[in-house]
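Please assemble the complex out of the two chains, which come individually in their own frames, going by the hints.
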Amino acid sequence: MTTTDERPAGFENNDHKPVGHGRMLRKEDPRFIRGKGRYVDDVQLPGMLHCAILRSPVAHARIVSIDTSAAEAHPKVKAVVTGATLTGLGLAWMPTLSGDVQAVLATDKVRFQGQEVAFVVAEDRYAARDALELIDVEYDVLDPVVDVRKALDPSAPVIRDDLDGKRNNHIFDWETGDEAATEAVFASADVVVSEDIVYPRVHPAPMETCGCVADYDRIDSRLTLWSTSQAPHAHRTLYAIVAGLPEHKIRVISPDIGGGFGGKVPIYPGYVCAIVGSIVTGKPVKWMEDRSENLTSTGFARDYIMRGEIAATRDGRILAVRTNVLADHGAFNGVAAPVKYPAGFFGVFTGSYDLQAAYCKMTAVYTNKAPGGVAYACSFRITEAVYLVERIVDCLAYELKMDPVELRIKNFIQPEQFPYRTKTGWLYDSGDYEPTMRKALEIAGYDDLRKEQAERRARGELMGIGVAFFTEAVGAGPRKDMDILGLGMADGCELRVHPTGKAVVRLSVQSQGQGHETTFAQIVAEEIGIPPADIDVVHGDTDQTPFGLGTYGSRSTPVSGAAAALVARKVRDKARIIASGMLEVSVADLEWVKGAFHVKGDPEKSVTIQDIAMRAHGAGDLPEGIEGGLEAQICYNPENLTYPHGAYICVVDIDPGTAQVKVRRFVAVDDCGTRINPMIIEGQVHRGLTDGVGMALMEMIAFDEDGNCLGGSLMDYLIPTALEVPDWETGFTVTPSPHHPIGAKGVGESATVGSPPAIVNAVVDALKPFGIRHADMPLTPSRVWDAMRGVPRPPV
Amino acid sequence: MQVPAPVEYERATSVDHAIGLLERLGGSARLVAGGHSLLPMMKLRLASPEYLIDINDLHGELGYIRVEPDEVRIGAMTRHRELLESGELAEVFPIFRDAERVIADPVVRNRGTLGGSLCQADPSEDLSAVCTTLGANCVIRGGSGERVVTMEEFYRGPYETAVEDAEMLVEIRIPVRPSGSSAYEKVERRAGDWAIVSAGAAVWLDGGLIADARVGLAAVGPNTAGLPAVSDALRGREPSEELYKQAGALAAENCSPVTDMRGSAEYKRHLAEELTRRALRRSVVRINERGWHAGIHDRQR
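Residue numbers (full-length UniProt numbering), protein chains in the order written: chain V, 1 to 796; chain R, 1 to 301.
FYI, nobody ran anything at the bench for these hints, they're computed from the structure.
Fair warning: this is a prediction, and the values are worked out from it, not measured in the lab.
Check each hint, because a few of them may be wrong.
Computed cross-link-like contacts, EDC-like style, restricted to lysine to aspartate or glutamate with a CA-CA straight-line distance of at most 16 Å [to be verified]:
no., chain 1, residue 1, chain 2, residue 2
1, V, K76, V, D124
2, V, K340, V, D483
3, V, K249, V, D217
4, R, K43, V, D290
5, R, K43, V, E133
6, V, K439, V, E729
Residues from chain R shown here face chain V by an in silico Cβ test under 10 Å; the list is partial [as the list claims (entries may be wrong)]:
no., residue
7, G192
8, I196
9, E266
10, E274
11, R277
Note that CB positions come from ideal geometry on N, CA and C, so glycine has one too.
Isolated chain R, as found in the complex (with noise of 0.2 Å):
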């Protein structure tokens, strides 16, 4: 049995009580949520918090998946399989899906949150790769209120975010924009392993044109990187097999992905190829898939 050192517990009541804790007791407290990060490496003694408030009991305010007409908003404490399960957001973000079949195993998703995965900020997490693709804002609250920042503000290198000592995140909102469509591929070691590259996609169509397009990948650099340098190469273009490899070659280059036990930096530059192409192309089938089922569906109305 691995044990941790010594530790206080507490039990937030509330969003305010829990951020109440934390501006009391300061750095020397961590939340623990799902527990899948922090308490294996408290059990590795490679974190020793002195306090863990412990945030289960705040699903009830924070577990939720509100699916609008321009914005989905997920509150932190949505469980992996939560956000699985829900045909809604599937509909909308079906790169939620595709992400959460391949993230850990049943007992994680059981426990594990959103709020949780990207407060990580492992460079190699899935869910901060999707949140990245899909373009989502967090939402963090402190003693003084709310703000909203970008992901990419969010991140401010491996297992650092923007989430000061007295605050915490607690909702992403990701804006909703018309013909569009997502997905996530991921290779691993082995199931629910950590990837050894993910790439997201995410395509919007105006007139047979991609109006926009984010790619988001994961493990192949300091932190979960959007790809601007992608998105501009895609814009205005035909979806076509030659432009996803283009896309492809362009987030290769603009990784930094290094040499470990998962594979070679070779070789996960030749992921971030393969699995951009793969993920681009299953958004564009998307789109068009779901074009003819309500074509069909219009039809029969």
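Extracted from the complex, chain V is given alone in its bound form (with noise of 0.2 Å):
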């Protein structure tokens, strides 16, 4: 498959060797360094056309009248559709992942800047661009809700008057945890802190857009819709339902996916737009969006203003953590999260410490904006619990003139007290927290930082040190608790062995780029003794592949894992019962040693998988019962979520005169249970901790007061670069999951959800000196500057 020629001295490789868990390279990557990966856009199918989308250009209007002549005049022009062409076919408006509704094509109103307003479908992608200027759209413009907190005044314009009774931007409130008791620790406690802490709107920005062709064949009504999709089984169930199409008829396709984040989960009006194209014109229709129609309209993350509070001893004993939150949801409430969690996860806000009691109270408005609000690798919301704990466990460190690793060690739940009920009701299912943490210090070189940092301080420079410790709740979940639209989260998996030993893993979840190909062989070879080498994994095909919910909330390996582990060790047992008949002992007599059975107390008499596949499919018999073949299929229900679990450490050095943030050192340890393949773990932690940076010092979807999005491109947008970020140092340690067969936990988000806070306690602590306790993300050098003056200023 690969040399290693080019590799570096002391290379070890190990492409093939790890029959099971083990540092492997990945199984993709050379059909993706030699851009041989086939992506939505470059399916290309016999007769297919193009469609754009018309967007609107003001944040909140009234649609006065659509004229579409001009542009179906054009010569290459198929079809114009509008909303009022939608309504005719019932789908002008599709619900949402979260129970509410959301416009496939505007007919009343235009809700955010961006909002899909008309389709044109075309003969090339040039000329359905060029047919949407000739679309002539009369609006009469409104005043948009921009600013959240004043979405619930009573003078603001009501942004959904199509919902029954609607008479202002409330969604929901939301609570959880005891307010009575929290406040009776609050009203007794030494030391309370309050910090008002902004986690801004950001954008997950995947390398690919999002897209899809769609391909409706009139004479059998079935649909083929490649599409980039983090969730194919319950698009293809969503479709059904939204369209009316029979679940049968519909076959979704994911192939190799440019990232997704989150961003990939819902479904948006342009996979429905192309669609309908496809249905209308008779000819498979292609959309992919360009890069500002994804930064405007696609699913946000974040978005959450809250007020923190925490209340402890003057010794340092953390007693409860209270916590306000105003969420902006947007035009329309897009939520991807299980049905009974509309804040998704965001009760883990407890973080990893032993509380008394613990409250919070949410309120989600409405506002002239994009919809989403679960996206870029947050774990359905432990993004934002987590920076809200970990900013005000620092806030009272700082209170307490404490060192924030002593106030944290201090208060960590204790290994004993696993599995941990939090005063918010979550089961964390284990845990060793300080050998994480000493990990991480060990690996910094915690105390020389920080004498360095005292010496530094005496000659006026600002160095600053940033802890941050996280425990994450993910692995959605068990289907008594959870479930998106009435479907369980359950995923399924299925194992075939072929008769001469070579086997196919079948998924239900999807990759966007973790790696599934290899890890889910790992995972396989580890339980059955097949080189991974030899076995194929099959996924993003609802044709090819048994029915589940997908891949977002680092619930892959949690849920998927386990199904792979667990389908594996099923054709395990059949092949026991083969290999009895084979070696003539009684099942009782075989042991097991990875890949073949033998005789206890006879080594010499054995029998291989490969040679059991092959009895399993040839001629000879079979012991009484068994039939041939040698493949299982099972539906994985996890019994609980998985909690991982990282110790991060940050340094950062702050030019005085420019108020530029430097990260000079990053230190990660993870602990996410059993490690099936290091490297790709590394790369995932990366991935994250690069995300960290982006979102802490430059990364945010920004309004003016007009509503428009000022984050429309990669130019306005900014996501870091090499150039940015430090030389990663990662650790782990390994505390395995009790409930998962291979005792694995999730860990694609672990580093997204942990670094941001670890980043933005060092840019604080190397402000120390200014007096500063607080400075909202994103850390760009003239909001440092604000903060250094004295003036942090929220960024919303």
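Below is the structure:
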């Protein structure tokens, strides 16, 4: 597969070696690094047409009229569709993932800049785009709701007058924890610290934008949809429900996906437009959004305005945490989270600490901004929760004049307390926090760093050391608690061993770059002893794989990974019976060593899994009652979420003259339980840490007072480059999950969750000489300079 | 994929050919060199010229850096990368290398040109600030011949220059004076971003006193501006931290930044001061270092 020639000295060629878990190059990479990946935009079908979408130039307006006649007259245009056309088809509105409805094409009003108003299907992409200029829309511009703090003012314009009886912009109130008990603890605490903390609106900005190719076959009434979807099965079911197409006539294919980060969980209007375009024209229709469309209209993340409060004793025993959140959900409530969790898993804002009480009250509102709410590797709002608690704990350390590490260690949930029920009801499965923290301190050389900081401060230099410790809740989820639009969050897996001992494993989850083709082959290999190179992983095609809810919220390994291990064990159980027949001993007399059964006490008498596979498909007799073939299928319902944790330490230097922040070092010690492929884990962590630098220092989707999005290109919405990030220093501890079959926990989003508070804590620590206790992201030079002058400003 | 509106395309084979095409096609035509400003604008449909005249084949004619005793001449098609890599240019005007290290990224620098940068006339553009700092002159050619304008004359406003519809910028000429050096300082939100503020400085010493000095700023006003007030305050004085501070304060007073996504007007004004100080300091350090090196060199000889 690969040669070792160009590799650095000392590199161990481990490509095929691990028959199971271990460091191994990714099976999918040869095609990616050769430019042979097959993405949605690579799909070319005979006669394929192209769709382009006309979007609203304003944030809030009534549509007076739409004239499409000039566009229809364009020689290359095959169809022009407006909200009125869709109303006739019953498709103008579609359900969101959280019980709201969203306009596919605006009928009455436009509610955010960039909202879909009409679409054109034409012979090529250029003609489709040109024809958009020929559509004449008359808007009656309305006052927009941009400032989320004013959304509930009685005088605020009502955005969702499409909803029956809606007279304000309120979406929901949500609370968790015990308000009275928390109040009692706060009332009698020695020390109470509160801080206003904003997690600004950001965007996942995947390399590949969203898009699809819809091919509706009028003869068979069959729809094939190549789509940038993190959840092909869930999407298929939703299309069946929304469009009234029979589910067995829909095939959703997610080919190679160029990054998702949660942004490819929802169904976007563009997908529906392409499907309608194909139905109307009888031809395959491709829609690929451009970068501006992606940044301005698809799922944003965060946008929480939080008041954090923490109560503690004078000597640093944390007693309670309380928070009040105002959540900006944009024009439609498009949050992708399990139904019972309108704020996702924000309830884990109690962090890694043993508290007496906790309480959160949240209000979500509509504004004239793009919808979304859960995206950008956030583990269903755990990003916001961890940021809140890790920032407020640092504020407490500031007030108590305590070292932030010492304060955290003093309050950790202790290993013997697991499984630990938090005050907001979450059952942390396992954890051993202090060794993880100690390891990070050791790698960082924490004591020396503090000495260096003291010396630098004495010279007027600004150096900061930031610490964050997180616990995540990932792997949604147990079907008794969790569903999305009624669909349980279990995942199927099917394993088929071919006669020659090669195998194919079919997954319901969908890789967007995480390396599933390698990791899942390794999981199966570990259980059944077939080398990963001999195991094909099939995913991303509803016709080829069992049902399941897809990849987001770091759920692939916790849910589908468990399914893969269990289905392999099921096959191994059958193999054992066949082996007993082959070796003419009872099942109880067989011993499994990876890849083979042998007779206990007689290792010479053995059969390999490959021998067994041939026998299973061969002509010889099988033990009584055993069918031929060697395959199995299961559907795994997780017993609980998994709770990975980690300790992150960041060192920054700030130029006192220009207020520029340089991240000098970053140490990340992650505990995600059993580690299947450490290289892939490190890659995931590197990516998430880079995300963290982006969010902490530069990323924000901002709006002007008219509701114009100011982040519509990658020149305006900055994402970090290699020059902004240090050499990552990673480490690990291993605390297996007690309920996961191989003890693994999710890790895909850990670094995105854990790094922003570490970086912000470091910047705030550097600014300590200025008496600064908090400054909001993004910590651009201008905003850091404000903080240095004692006037840190919220970003919204 | 962002797609531009329909456009006719022609490749010019010589400067005269390009000017001939411009004369024929008038204001509906645009020259494209590196394309890193014009093409994104076309893809966003912020610009929709009817004709594009590609002048990349003129690199042979207009891609040069000629360092002469009294003057440096740089052809308009000289690419950023060539400016970055020219040791000869860095020797005379180190400000070019300072600036080019922080302009965009290698992909852009391989393609973007000096002429394109200047003609885009973006108030945040770095080479405009460099040329202003150095008191460059711009050679503009049309059907009836060449004319030479100063940088002050060249800029008429944001995105607006003295180059008329049927003309093109062909060369930049920078006077070389003895005992001088220069430096460039930029603060950006991220590598490759436009400047929040940049400052260029050029200083010429005579007997330990400042014979002349110029400061040019980017991103703090409608046009990349030279600051005569700063030059006046520096001339005849002995370089010192106190003097740089005064010059910085004058720079901050004499610019007109606005608040935007890159930063507040106050912060930008602060940067104008801070970066002016730094650029002046570095320029003087460079003159002194070169003096020292020259001294060693002389002794060895």
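What are the numbers of the hints that this structure violates, sorted from low to high?
No numbers; nothing is violated.
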